[in-house]
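A.B. asks: So the chains spell out like this:
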Amino acid sequence: MRATGGPEIAVGDVLLSVEAVSLSFGGVKAVSDVSFDIRKGEIRAIIGPNGAGKTSMLNIINGFYHPQHGRITFKGATRSRMRPHEAARGGIARTFQNVALFKGMTALDNIMAGRTLKMHANLFWQMLRVGPALKEEIEHRHRVEEIIDFLKIQDIRRVPVARLPYGLQKRVELGRALAMEPELLLLDEPMAGMNLEEKEDMSRFVLDVNDHFGTTVALIEHDMGVVMDLSDRVVVLDHGIKIADGTPDEVKNNQAVIDAYLGVAH
Amino acid sequence: MLYRETGQFKTSYAADMAIFPIRQDRIALYVLLAIAFIGIPVLDALQVWPFAGEYLLRAILIPFLILSLAAVGLNILTGYCGQLSLGSGAFMAVGAYSAYKFGTGVHLPLGLFDIAIPALPVLPSILLGGVMAAAVGILFGVPSLRIKGLYLAVATLAAQFFFDWVFIRVQWFTNYTSSGSVTAPELNFFGLIVNKPVERYLLCLIFVTVVALLAKNLVRGNIGRQWMAIRDMDIAAELMGIRPLYAKLTAFAISSFIMGIAGALWAFVYLGSWEPLAFNIDRSFQILFMVIIGGLGSILGSFLGAAFILVLPIMLDQVPHALGIPISVETVSLLVFVVTGALICWLLIVEPHGFARLWLTGKEKLRLWPYPY
Ligand SMILES: Nc1ncnc2c1ncn2[C@@H]1O[C@H](COP(=O)(O)OP(=O)(O)O)[C@@H](O)[C@H]1O
Ligand SMILES: [Mg+2]
Chain A
1167 MRATGGPEIA VGDVLLSVEA VSLSFGGVKA VSDVSFDIRK GEIRAIIGPN GAGKTSMLNI
1227 INGFYHPQHG RITFKGATRS RMRPHEAARG GIARTFQNVA LFKGMTALDN IMAGRTLKMH
1287 ANLFWQMLRV GPALKEEIEH RHRVEEIIDF LKIQDIRRVP VARLPYGLQK RVELGRALAM
1347 EPELLLLDEP MAGMNLEEKE DMSRFVLDVN DHFGTTVALI EHDMGVVMDL SDRVVVLDHG
1407 IKIADGTPDE VKNNQAVIDA YLGVAH
Chain B
26 MLYRETGQFK TSYAADMAIF PIRQDRIALY VLLAIAFIGI PVLDALQVWP FAGEYLLRAI
86 LIPFLILSLA AVGLNILTGY CGQLSLGSGA FMAVGAYSAY KFGTGVHLPL GLFDIAIPAL
146 PVLPSILLGG VMAAAVGILF GVPSLRIKGL YLAVATLAAQ FFFDWVFIRV QWFTNYTSSG
206 SVTAPELNFF GLIVNKPVER YLLCLIFVTV VALLAKNLVR GNIGRQWMAI RDMDIAAELM
266 GIRPLYAKLT AFAISSFIMG IAGALWAFVY LGSWEPLAFN IDRSFQILFM VIIGGLGSIL
326 GSFLGAAFIL VLPIMLDQVP HALGIPISVE TVSLLVFVVT GALICWLLIV EPHGFARLWL
386 TGKEKLRLWP YPY
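Chains A and B, in that order, give the protein sequences.
When we follow my numbering, the leftmost residue of the first sequence carries the number 1167, and every step to the right adds one.
When we follow my numbering, the leftmost residue of the second sequence carries the number 26, and every step to the right adds one.
Treat the hints with caution; some may be incorrect.
What the hints assert, rightly or not - Estimated spans, in silico, between C-beta atoms of each pair:
1) B:ARG51 / A:PHE1379: 57 to 63 angstroms
2) B:GLU211 / A:LEU1289: 32 to 38 angstroms
3) A:PHE1379 / B:MET42: 48 to 54 angstroms
4) B:GLU376 / A:ASP1377: 46 to 52 angstroms
5) A:ARG1249 / B:ALA59: 36 to 42 angstroms
I should point out that these hints are in silico values taken from the structure, not numbers from a laboratory.
Think of the CB as a built atom: it goes at the ideal place given N, C-alpha and C, for glycine as much as any other residue.
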């Protein structure tokens, strides 16, 4: 799967980089002078204690927050801030720490909504539901059904998502993001609050998405076991500052990281 | 075993995406349409009870159809797109008075250049009434990009009061009649004069059927999903590339278009001659109640809500008569208020999602019957 637009980036080249990005809310510095990059095709973990600025970082990447300083380069284009629709069009999709599904819609409609940017029939055809509108609706339904099969949620297609248990909601949310056929997938604690079995399923999905579709993944996760298993490289934030960056093994043995997690005073 | 989807396998996504994928539902719809289009006119022609004397058509079915249409319009905006509006009456009024102006000829002396449009036939007048309402809807929808919920409701309330005032004070809209009351042009559709109640009823029925079908298509397609996405979680929607501007303004436009048509029909077909009072804030609340009671985000619910809000007071009004209880007209109308209000409260406590949800729950039970799960 890959989104349209922008130059083709080869696997292993830098897909996105943030340089010296800072973001504060009033007096609170959520992110201070952080730089790192995400390479095409990798699974990049972002870890750190609560309040470290991980979610804020994802929000900066997809344009929901605008940093006061720094630059963001995505697919070769550098800007001081992203805009949400630019990010979406450019092929950045995400899931949220606190599931942000469309509560009143069915699982199927939620995932179909992920195809919005790819549907172009005008209101006239949609109103009559013939011609290009019907053709498009069926075409995209096929793609969405593939995602539904992939995530094994066939039997909850028609269920309004508010009625689904938490674990399945997270899965539907992943499906909605996948429906955008993203080039870069941002996952904010996709396994939080899940039991072991659900975590294993979700890990499998993340790996499969990365393997089969070549989707680049940025993953925030607290479970160190999962992080070590899944990720190619890890960036560690603490109090908005980047304290380490490297392979899982390097990061695991880094003294600053050990201190941050053990709560040593700075 | 009457209501089952077992054995009805869908062989294509097209079949699975039909409005009524279950055969029994489809049959029920055809039966309903047959009754509405054939049964009722036949019964009327035969003057069978309760059709004797045109009361049912004139006082119940015609207003029911037109107000259902308005409710469908408001449901698109409030139920599907989540934008609370108290301006339905205003949008209906814009539809009605625009249709009136187009139907009687528009003449606007603007000094440098005059606008003069000869009187148009009824059908284009009504449709243009809808278009004007859509334009006004878009205009009053712009604040929705910045403000939400109750604050937006206040902005639409401003529209309501503004247009109440305009149609009373600006006499150009009422062609300078001394009373301020205006009379609709003759209902001439391509040479067919629509006059008798049954003809008026059929005219409304055609409008309602067509608009409801088109509205249903919209809400279950791409734009409908965008509306609901904005309603349920606008931030997530925006991060997926859904443009709030486009989604909200199309909802305002289409919703007001439908309400404008409903307003024009209310004026031309139901009232015949009318005053601005016909579209005041009471009308806005009435339509809003229909949508809430019927079910936000349901086209079917719009009809159920309209039936309830419209028919209940009439029934309540008739009951003391029928039982021969001697109470005064004032007491009855007061009683109607109290009972209607109490029933609305009760219904919303029992089922906050309105009749449409009760209906769905009932169908689910029926599908599983006789097993509870
Ligand atoms: N919208 C916001 N308004 C004010 N402060 C915020 C906002 N979002 C995040 N913060 C603050 O920024 C810091 C980092 O938060 P966050 O990025 O959510 O951390 P994490 O995801 O690593 O737990 C916290 O101190 C948090 O209170
Ligand atoms: Mg977080």
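A.B. asks: Are the hints correct? Go through all of them and say.
C.D. replies: Hints versus structure:
1. For ARG51 of chain B and PHE1379 of chain A, the Cβ-Cβ distance of about 39 angstroms falls outside the hinted range of 57 to 63 angstroms, so the restraint is violated.
2. Between GLU211 of chain B and LEU1289 of chain A the Cβ separation comes to about 33 angstroms, which falls inside the hinted range of 32 to 38 angstroms.
3. For PHE1379 of chain A and MET42 of chain B, the Cβ-Cβ distance of about 26 angstroms falls outside the hinted range of 48 to 54 angstroms, so the restraint is violated.
4. Distance hint for GLU376 of chain B and ASP1377 of chain A: a CB-CB separation of about 47 angstroms, consistent with the stated range 46 to 52 angstroms.
5. The hinted window of 36 to 42 angstroms between ARG1249 of chain A and ALA59 of chain B is violated, with their beta carbons roughly 53 angstroms apart.
Going through the hint list in order, the structure does not satisfy hints 1, 3 and 5.
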